[in-house]
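*Asks:* Chain order of the listed sequences is G and H. For the first sequence, this note's numbering assigns the number 18 to the initial residue and increments by one for each residue that follows. For the second sequence, this note's numbering assigns the number 18 to the initial residue and increments by one for each residue that follows.
Incorrect hints may have been included.
In this list, chains with the same sequence are indistinguishable; a pair is considered to hold if it fits within one copy or across any two.
[Unchecked claim] Capping the alpha-carbon separation at 20 angstroms, the derived lysine to any residue pairs in SDA-like fashion look like this: (1) K75 - L27; (2) K66 - P144; (3) K75 - R140; (4) K75 - T125; (5) K75 - T93; (6) K75 - E20; (7) K66 - L29; (8) K66 - E20; (9) K75 - E152; (10) K66 - G143; (11) K75 - E108; (12) K75 - D43; (13) K66 - H51; (14) K66 - A42.
Calculated from the structure, these hints are not laboratory results. This structure is a prediction, so every number in the text was calculated from the model and none was measured.
Take a look at the letters that make up each chain.
Protein chains: 2
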Amino acid sequence: MNELEEGTALRLDFGKLRAIGERGADVIPVVLQHVDSGEVLFVAYANEKALAETLATKRAVLWSTSRNELWRKGDTSGDVLDLVEVRVNCEQNSLLYRVRPRGGVCHTRNVEGHTRRRCYYRRLTGPDGGLAVEE
Amino acid sequence: MNELEEGTALRLDFGKLRAIGERGADVIPVVLQHVDSGEVLFVAYANEKALAETLATKRAVLWSTSRNELWRKGDTSGDVLDLVEVRVNCEQNSLLYRVRPRGGVCHTRNVEGHTRRRCYYRRLTGPDGGLAVEE
Numbered sequence: 018m019n020e021l022e023e024g025t026a027l028r029l030d031f032g033k034l035r036a037i038g039e040r041g042a043d044v045i046p047v048v049l050q051h052v053d054s055g056e057v058l059f060v061a062y063a064n065e066k067a068l069a070e071t072l073a074t075k076r077a078v079l080w081s082t083s084r085n086e087l088w089r090k091g092d093t094s095g096d097v098l099d100l101v102e103v104r105v106n107c108e109q110n111s112l113l114y115r116v117r118p119r120g121g122v123c124h125t126r127n128v129e130g131h132t133r134r135r136c137y138y139r140r141l142t143g144p145d146g147g148l149a150v151e152e
Numbered sequence: 018m019n020e021l022e023e024g025t026a027l028r029l030d031f032g033k034l035r036a037i038g039e040r041g042a043d044v045i046p047v048v049l050q051h052v053d054s055g056e057v058l059f060v061a062y063a064n065e066k067a068l069a070e071t072l073a074t075k076r077a078v079l080w081s082t083s084r085n086e087l088w089r090k091g092d093t094s095g096d097v098l099d100l101v102e103v104r105v106n107c108e109q110n111s112l113l114y115r116v117r118p119r120g121g122v123c124h125t126r127n128v129e130g131h132t133r134r135r136c137y138y139r140r141l142t143g144p145d146g147g148l149a150v151e152e
């Protein structure tokens, strides 16, 4: 088991944004939301190219800050997110993709072996740093 | 009128995360979600201190990356966000604060002069870069 991704201890990676900044990527955060249930699925990043392709192809396209390339969500896993609309915040420095998943969303799997329907499947139990798993 | 914050032209600030990275702030993105309606309210940033105070005081506390200080949402505006729960994603590099607003949320105001209930009040109308305002 991958402790970070599936364990019950809080081990936040506070260096993520600094690493993106150091790499000089022109990206902004994108919130992915299920348009029907309202569930927040995950946060990713987009540059101009990813946003343009998202609007053109009507599916969620992000920028992978680790691989430094376009990430057409679902190309490998089949878990495509069909785009319903894109929203922008007041300060125009983040985006909200409202989507409809064709299958699962997260790359982790639940006890039944299916990819989870969102990446926020763990809740902080309190200031002690414990996590509770909810499918 | 502030064109960037209230206009209908898309002018995304893709330099936001690079600026955070250059400042060396140890922060991760936080999605703020209304726990009852499911609406995504805005994206902000938190460091360890902000998260600890959020859990201790049961209200949303963020880290202001522009002022470089704790941002106790609502201290100035009165628009406090009461905390219901905090969730973490699989990779432990972002957070989801599920909250219940006491009043408005955004600092922009609608036609009736009230602070808006979310910052994502504009929708991209298509690849041309236009924005449609929805209260």
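*Asks:* Are the CA atoms of K66 and E20 at most 20 angstroms apart within a copy, between copies, both, or neither?
*Replies:* Classified as neither; 34 angstroms inside a copy, 24 angstroms across copies.
*Asks:* Quick one: K66 to A42, C-alpha cut-off 20 angstroms, is that within a copy, between copies, both, or neither?
*Replies:* within (12 angstroms within a copy, 27 angstroms between copies)
*Asks:* For the identical chains here, do K75 and T93 meet the 20 angstroms Cα criterion within one copy, between copies, both, or neither?
*Replies:* within (18 angstroms within a copy, 40 angstroms between copies)
*Asks:* Between copies, within a copy, both or neither: which fits K66 and H51 at Cα up to 20 angstroms?
*Replies:* neither (23 angstroms within a copy, 30 angstroms between copies)
*Asks:* Classify it for me, K66 with P144: is the Cα-Cα distance of at most 20 angstroms met within a copy, between copies, both or neither?
*Replies:* Result: close only across copies, 11 angstroms inter versus 40 angstroms intra.
*Asks:* Under a CA distance limit of 20 angstroms, which applies to K75 and T125: within one copy, between copies, both, or neither?
*Replies:* neither (25 angstroms within a copy, 29 angstroms between copies)
*Asks:* Is it within a copy, between copies, both, or neither that the alpha carbon of K75 lies no farther than 20 angstroms from that of L27?
*Replies:* between (35 angstroms within a copy, 18 angstroms between copies)
*Asks:* Measure nothing new, just compare the shortest in-copy and cross-copy C-alpha distances for K66 and G143 to 20 angstroms and report within, between, both or neither.
*Replies:* Answer is between: at 14 angstroms across copies they meet the 20 angstroms cutoff, but 40 angstroms inside does not.
*Asks:* First find the shortest C-alpha distance between K66 and L29 inside one copy, then the shortest across copies, and answer within, between, both or neither for a cut-off of 20 angstroms.
*Replies:* Close across copies (13 angstroms), not inside one copy (29 angstroms); limit 20 angstroms.
*Asks:* Within, between, both or neither: how does the pair K75, D43 come out at a Cα-Cα threshold of 20 angstroms?
*Replies:* For K75 and D43, the Cα distance exceeds 20 angstroms both inside one copy (22 angstroms) and across copies (34 angstroms).
*Asks:* If the cutoff is 20 angstroms on CA atoms, where do K75 and E108 land: within, between, both or neither? Let me know, please.
*Replies:* Answer is neither; intra-copy 24 angstroms and inter-copy 26 angstroms both fail.
*Asks:* Within, between, both or neither: how does the pair K75, R140 come out at a Cα-Cα threshold of 20 angstroms?
*Replies:* Intra 31 angstroms, inter 15 angstroms, cutoff 20 angstroms: inter-copy only.
Going down the numbered hints, you'll see the structure goes against 4, 6, 8, 9, 11, 12, 13, while the others check out.
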